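Colleague: In case you want the letters, here they are:
Protein chains: 2
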Amino acid sequence: MTEVLVKDLFSDQQFAEDETVVLHGWVKTARGSKRVGFIELSDGSTLKHAQIVMASDLEGFEEFKKLPLSTTIKVTGTVVYTPTAKQPLEIHATAIEVEGASDNDYPLQKKKHTYEYLRTIAHLRPRTDTFYSVFRIRSLAAFAIHQYLQEHGFTYVNTPIITSSDSEGAGEMFRVTTLDMNNLPKTADGKVDDHEDFFKKETNLTVSGQLPVEAFALALRNVYTFGPTFRAEDSHTQRHASEFWMIEPEMAFADLHDIIVTSEALLKSVVNYLLEHAKDELEFLNSSVDEHLLERLHQTVDEKFAQITYTEAIEELKRAPVKFDVPVYWGLDLQAEHERYLCEQVYKRPTFITDYPKEIKAFYMRDNEDGKTVAAVDMLVPEIGELVGGSQREERQAQLAKKIQDYKLPPEEYAWYLELRKYGETVHSGFGIGFERLLMYVTGMENIRDVIPYPRTPGNADF
Amino acid sequence: MTEVLVKDLFSDQQFAEDETVVLHGWVKTARGSKRVGFIELSDGSTLKHAQIVMASDLEGFEEFKKLPLSTTIKVTGTVVYTPTAKQPLEIHATAIEVEGASDNDYPLQKKKHTYEYLRTIAHLRPRTDTFYSVFRIRSLAAFAIHQYLQEHGFTYVNTPIITSSDSEGAGEMFRVTTLDMNNLPKTADGKVDDHEDFFKKETNLTVSGQLPVEAFALALRNVYTFGPTFRAEDSHTQRHASEFWMIEPEMAFADLHDIIVTSEALLKSVVNYLLEHAKDELEFLNSSVDEHLLERLHQTVDEKFAQITYTEAIEELKRAPVKFDVPVYWGLDLQAEHERYLCEQVYKRPTFITDYPKEIKAFYMRDNEDGKTVAAVDMLVPEIGELVGGSQREERQAQLAKKIQDYKLPPEEYAWYLELRKYGETVHSGFGIGFERLLMYVTGMENIRDVIPYPRTPGNADF
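Protein chains in written order, with the numbering used here: chain Y, 1 to 463; chain A, 1 to 463.
These are computed hints drawn from the structure, not numbers from a lab.
A few of these clues could be false.
Quick look at which bits of chain A chain Y covers, simulated, 3 or more residues with Cβ under 8 Å [to be verified]: (1) 172 to 180; (2) 215 to 223; (3) 242 to 250; (4) 300 to 309.
Here are a few chain Y residues that sit away from chain A, every Cβ distance over 10 Å (derived from the structure) [to be verified]: (5) G60; (6) L179; (7) F230; (8) S269; (9) H298; (10) D406.
Every value quoted in this text rests on a predicted model; they were computed, and no experiment measured them.
Note that the Cβ used here is the ideal one computed from N, Cα and C, for glycine as well.
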């Protein structure tokens with residue numbers, strides 16, 4: 001009698017006909033007639049279910065064919081190959097034991113539920129095939145990213161979550177505090193005394209690890225962050241969450257061209273990894289969520305991405321036989337409608353846009369020689385829009401100091417950042433990938449709330 | 001002319017004698033006499049430095065042999081093998097170009113600095129050999145953990161950072177808010193109106209992902225978290241930080257024995273990975289930080305860990321020919337002095353302690369049959385004390401409901417957690433590893449602040 005996993009039944013592992021095996025798992029469906037009963041058993045080891053067949057002389061037959069969904073059972077049975085059926089084999093039960101009861105009001109009955117409803121039971125939705133698939137892909141994609149970067153000499157750096165600075169010089173942030181809100185310490189002028197707070201000053205949740213990780217690129221060459229970031233924006237779109245994960249690779253001795261090459265290679269590598277390791281899950285999502293998913297993923301790895309400048313993009317958009325909600329002019333911060341038109345209608349594949357007007361980009365991006373644009377790049381992908389944003393960083397001490405001044409940033413907060421240039425100006429570049437946007441791209445899910453285990457959005461922080 | 005990395009010079013890659021190569025990097029030292037000059041060049045690709053030799057007829061010779069430390073340079077030169085010297089080869093420079101200046105007051109001059117001072121320049125300390133090594137090991141250890149768990153069928157789950165519940169039922173937490181602290185909305189009774197906050201209730205930073213990840217174990221079987229966690233304790237010890245990373249594996253259909261086996265295998269696998277992939281860094285730390293480091297790591301992988309019950313541990317401590325600061329009795333929450341005595345003096349290796357008194361452990365741990373203890377386990381390791389804490393979870397709905405009541409926890413907050421049992425009671429177990437404690441163990445660093453890129457402790461949230 002061998003203890004086996006459901007995934008073993010579908011692997012190359014060979015079982016002898018009539019070999020006795022033992023399985024532990026959860027009842028996905030239970031049904032039967034007078035003479036025969038069936039249980040589909042899941043044990044979490046694979047998306048697939050094992051087919052358990054019960055003959056009417058099995059002890060407990062009448063009870064087992066009506067077992068509540070999600071009952072935990074132990075099955076002892078013999079392997080019977082079924083070359084003409086959908087599944088390669090069945091388990092003919094010789095004994096079944098109920099190890100843990102489940103109530104009859106289990107909310108995940110066979111009928112189809114809306115994603116909205118399933119979000120209200122985020123603790124149970126991973127038990128559905130859809131969310132099982134999404135969260136397996138989330139895990140595999142995370143690992144594929146680590147693996148690609150580690151194999152290419154990148155060092156993983158955990159930049160801080162609690163921060164006293166604001167990387168972007170913009171963005172609404174969450175305050176972190178241990179002050180008693182009902183009894184706040186005050187300064188002489190009646191303001192909250194931040195010096196009494198836990199860190200002896202005001203602190204917030206990070207919006208990006210880029211600035212702190214630049215310090216590591218200037219010592220360890222190729223580095224990356226992969227961790228949670230936060231935006232306290234009152235956004236209620238399908239693409240924004242208050243808490244999300246970002247991957248931020250940063251490379252010393254690398255210019256804009258290098259990060260374009262690296263981000264394309266990284267994305268292709270992740271998709272290839274999923275095509276190999278998440279075959280069942282992608283096929284399931286392709287059949288039930290997005291019928292173009294597999295086609296899009298194969299195109300992603302097969303075709304070279306397009307690349308144009310922002311100025312060319314604006315010309316393309318002006319020529320477009322389409323009326324956009326937001327009119328197009330040079331200097332416009334491109335909206336999702338423009339981005340999607342370019343990559344879906346014009347180039348029909350992931351598209352890099354380079355050299356944006358400096359007015360719409362962050363202070364740390366390197367000025368181009370034209371005096372109007374910066375060495376920035378976005379990668380736009382079909383269905384999503386912007387997936388990656390990056391730039392060559394301003395490595396020249398004098399130019400960076402001037403930009404900190406021009407952007408009216410508090411110089412004392414950026415003193416350490418300037419010092420990175422004071423002690424060795426080095427060409428360096430980096431980019432950020434929104435992990436959940438990547439997951440929407442590789443799963444076909446249309447709402448960011450459905451690729452996050454317990455999503456946080458305005459008004460929602462349950463579980 | 002081939003562009004190469006410093007690490008290529010020390011790899012198996014073969015260069016022809018007199019082959020011309022190009023390197024970009026930072027000046028680690030520069031010196032010279034009238035006739036010859038030397039630059040040690042680092043480029044972040046390896047802990048090692050390239051030896052650059054300059055003859056007096058090199059254009060710029062006088063400038064280059066006095067280059068400020070951390071100047072960014074491009075070196076063109078020829079490969080000359082040096083079979084009798086420490087390094088296998090030198091680069092005889094034919095041209096050097098300064099790509100980025102560095103100021104003469106660079107704080108990391110050759111003299112040895114204290115760790116305390118280096119923490120004040122956390123943006124520059126990765127440029128030292130010590131912190132280069134520590135942060136390379138941090139990255140490699142993180143990857144080794146992901147790789148081991150993924151290869152063993154575990155799914156990575158990103159549990160939320162912002163939470164409205166308190167996993168441990170204890171612990172001081174950081175509040176997360178967007179309320180204007182200088183103009184707080186109040187309810188009729190004069191208290192802060194949490195309903196006006198971003199998430200329409202009070203939210204905090206997570207202290208553990210365990211409870212939310214249990215929901216995923218009950219769908220995906222083997223799962224783990226690996227992310228930041230927070231404690232707002234006013235601790236000023238060498239082992240406590242306010243922000244630290246934890247790995248929390250959770251396994252369905254697994255009991256206490258299974259997590260003991262898994263945590264031992266995981267730790268050994270990480271150490272083996274480092275012995276293979278961080279050879280230079282470990283040797284450097286062994287020679288400069290902790291002369292017993294390599295010996296300890298080899299023992300860790302070679303010996304089976306010890307295992308005793310809490311009751312046996314208390315007997316052992318009572319027999320000890322040592323006076324402890326905190327007296328020993330059955331029911332005592334073991335202190336670092338007791339933990340270290342057991343694993344350093346008695347068992348001389350990592351030691352599991354099982355079956356703790358239920359009064360000193362969390363509500364979710366499974367009651368043993370004796371009515372006094374719970375199915376809990378800690379792994380103690382030399383130099384550190386507790387490295388891993390885990391337990392079999394109370395999977396029986398009625399018993400769990402009673403414990404929630406006994407511990408006076410708000411039942412509405414734990415309703416979803418109880419529901420995980422309502423719909424399929426399943427034996428399951430899990431454990432948590434403090435990532436920074438693991439890093440102290442594998443680097444020999446004695447202060448947790450020195451294994452975190454930008455440490456957060458009471459009063460400190462710089463950068």
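Colleague: Determine for every hint whether it applies to the structure shown.
Modeller: Hint check results:
Interface restraint, the stretch 172 to 180 of chain A with chain Y: holds (7 residues with C-beta to C-beta distance below 8 Å; minimum three). Closer than 8 Å: that is the beta-carbon criterion, and the stretch 215 to 223 of chain A has 8 residues meeting it against chain Y, so the requirement of 3 holds. Under the rule that three or more residues need a Cβ within less than 8 Å of chain Y, the assignment of the stretch 242 to 250 of chain A holds, with 3 such residues. Judged by the Cβ-Cβ criterion of 8 Å, the stretch 300 to 309 of chain A is not covered by chain Y as claimed, because only 0 of its residues qualify and three are needed.
At roughly 18 Å, the least C-beta separation between G60 (chain Y) and chain A is larger than 10 Å, which holds for a residue marked as non-interface. At roughly 7 Å, the least C-beta separation between L179 (chain Y) and chain A is not larger than 10 Å, which violates its mark as non-interface. With a least CB separation of 8 Å from chain A, F230 (chain Y) falls inside the 10 Å interface cut-off, contrary to its annotation. Look at S269 (chain Y): its CB is around 15 Å from the nearest CB on chain A, clear of 10 Å, so calling it non-interface holds up.
Every CB of chain A lies more than 10 Å from the CB of H298 (chain Y), the least distance being 24 Å, so the non-interface label holds. No beta-carbon of chain A comes within 10 Å of the beta-carbon of D406 (chain Y); the shortest separation is about 22 Å.
Hints 4, 6 and 7 from the list above are not met by this structure, while the remaining hints are.
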